[in-house]
Amino acid sequence: MDAQLIFRYFPDLDQTAKARFLQMQDLYTFWNQKINVISRKDMEHLYLRHVLHSLALSKAIGNNPFQKNVSVLDAGTGGGFPGIPLAVLHPSTRFVLCDSIAKKIKVVSGITAQLGLTNVTPVVSRMESLPDRTYDVIISRAVASLVKFIPWAHNKIKKDGRILFLKGGDLTSEIHEASGKLGIPETCFTITELQNTYPGLNDDFFDTKKICEIKQTSYLCAPLLKSS
Numbered sequence: 127m128d129a130q131l132i133f134r135y136f137p138d139l140d141q142t143a144k145a146r147f148l149q150m151q152d153l154y155t156f157w158n159q160k161i162n163v164i165s166r167k168d169m170e171h172l173y174l175r176h177v178l179h180s181l182a183l184s185k186a187i188g189n190n191p192f193q194k195n196v197s198v199l200d201a202g203t204g205g206g207f208p209g210i211p212l213a214v215l216h217p218s219t220r221f222v223l224c225d226s227i228a229k230k231i232k233v234v235s236g237i238t239a240q241l242g243l244t245n246v247t248p249v250v251s252r253m254e255s256l257p258d259r260t261y262d263v264i265i266s267r268a269v270a271s272l273v274k275f276i277p278w279a280h281n282k283i284k285k286d287g288r289i290l291f292l293k294g295g296d297l298t299s300e301i302h303e304a305s306g307k308l309g310i311p312e313t314c315f316t317i318t319e320l321q322n323t324y325p326g327l328n329d330d331f332f333d334t335k336k337i338c339e340i341k342q343t344s345y346l347c348a349p350l351l352k353s354s
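Every number in this note's numbering is 126 more than the matching position in the sequence shown, counting from 1.
No lab work stands behind these hints, which were simulated from the structure alone. For clarity, every value in this text was computed on a predicted model and none was experimentally measured. Among the hints, a few may not be true.
As the list claims (entries may be wrong) - The list that follows gives simulated cross-link-like pairs (lysine-lysine, DSS-like), each with its CA atoms no further than 25 Å apart: (1) K185 <-> K307; (2) K307 <-> K341; (3) K144 <-> K232; (4) K307 <-> K194; (5) K274 <-> K194; (6) K274 <-> K229; (7) K229 <-> K185; (8) K341 <-> K285; (9) K167 <-> K307; (10) K144 <-> K194; (11) K284 <-> K274; (12) K160 <-> K274; (13) K274 <-> K341; (14) K194 <-> K341; (15) K232 <-> K167.
What the hints assert, rightly or not - Label pairs and their calculated CB-CB ranges: (16) L148 <-> T298: 25 to 33 Å; (17) E254 <-> K341: 20 to 28 Å; (18) K185 <-> E254: 25 to 33 Å; (19) A145 <-> K167: 38 to 46 Å.
Glycine is no exception: its CB is placed at the ideal position from the N, C-alpha and C atoms.
Modelling step: build the complete structure from the supplied sequences, incorporating the hints.
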């Protein structure tokens with residue numbers, strides 16, 4: 127599958143965005159030979175399993191979080207997912223792509239430079255070391271379990287911010303654990319199924335994929351901020 131897959135589901139892309147999406151296959155092929163950030167078998171599915179999957183955060187979520195001048199942290203970005211595709215789709219949104227592994231950020235830096243993305247800042251850092259209360263939205267793709275990730279994220283996001291996870295499988299036990307250990311009611315977690323996000327897609331990749339959203343509420347802040 128090639129970039130036409132993206133154009134099919136995002137028909138209103140301007141020429142700049144189309145050119146950038148077209149470049150991704152060659153750029154990731156080049157960089158992945160130097161520094162492996164995508165499994166070899168996944169490279170042939172780049173647009174489906176990485177680009178289209180990333181863009182589901184924009185396609186499937188109501189009240190689109192990627193507005194003009196909104197600050198978004200992609201935590202544990204790896205090779206730049208979901209941040210780079212979203213930055214192409216939303217050029218007026220500001221993205222910080224963070225990973226603690228320097229060689230992964232080297233790939234991100236190279237690809238964002240070659241794509242000419244001026245709305246992306248690559249950062250080598252652990253999430254916990256980033257400035258507090260900086261981001262309107264935090265996104266992540268299966269970096270860690272919710273019970274581990276939320277304490278890393280809670281004081282990095284602005285009041286009324288949103289945390290969006292791309293996840294797979296049954297999240298019932300994961301949400302239950304996070305709720306019990308962190309004192310966040312399960313009603314604060316919203317699950318969006320992705321299986322119908324891209325109608326007519328002849329592939330079962332999205333059948334078990336989901337977005338888990340936590341809105342920044344007093345429930346999320348209070349139990350995690352006792353020491354402040």
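Each hint tested on the structure:
1. K185 <-> K307: violated (31 Å)
2. K307 <-> K341: holds (18 Å)
3. K144 <-> K232: holds (24 Å)
4. K307 <-> K194: violated (35 Å)
5. K274 <-> K194: Given pair K274, K194 is violated - Cα atoms ~30 Å apart, limit 25 Å.
6. K274 <-> K229: holds (24 Å)
7. K229 <-> K185: With Cα atoms ~30 Å apart, K229 and K185 exceed 25 Å; violated.
8. K341 <-> K285: holds (10 Å)
9. K167 <-> K307: This hinted pair is violated, its Cα atoms lying about 37 Å apart.
10. K144 <-> K194: holds (20 Å)
11. K284 <-> K274: It holds: about 19 Å lies between the C-alpha atoms, which stays within 25 Å.
12. K160 <-> K274: violated (31 Å)
13. K274 <-> K341: The hint holds at about 17 Å.
14. K194 <-> K341: holds (19 Å)
15. K232 <-> K167: With Cα atoms ~22 Å apart, K232 and K167 stay inside 25 Å; holds.
16. L148 <-> T298: 25 to 33 Å: With a Cβ separation near 40 Å, L148 and T298 fall outside 25 to 33 Å, so the hint is violated.
17. E254 <-> K341: 20 to 28 Å: holds (22 Å)
18. K185 <-> E254: 25 to 33 Å: holds (30 Å)
19. A145 <-> K167: 38 to 46 Å: Since A145 and K167 have Cβ atoms about 27 Å apart, the given range 38 to 46 Å is violated.
This entry does not satisfy hints 1, 4, 5, 7, 9, 12, 16 and 19, going by the numbered hints stated previously.
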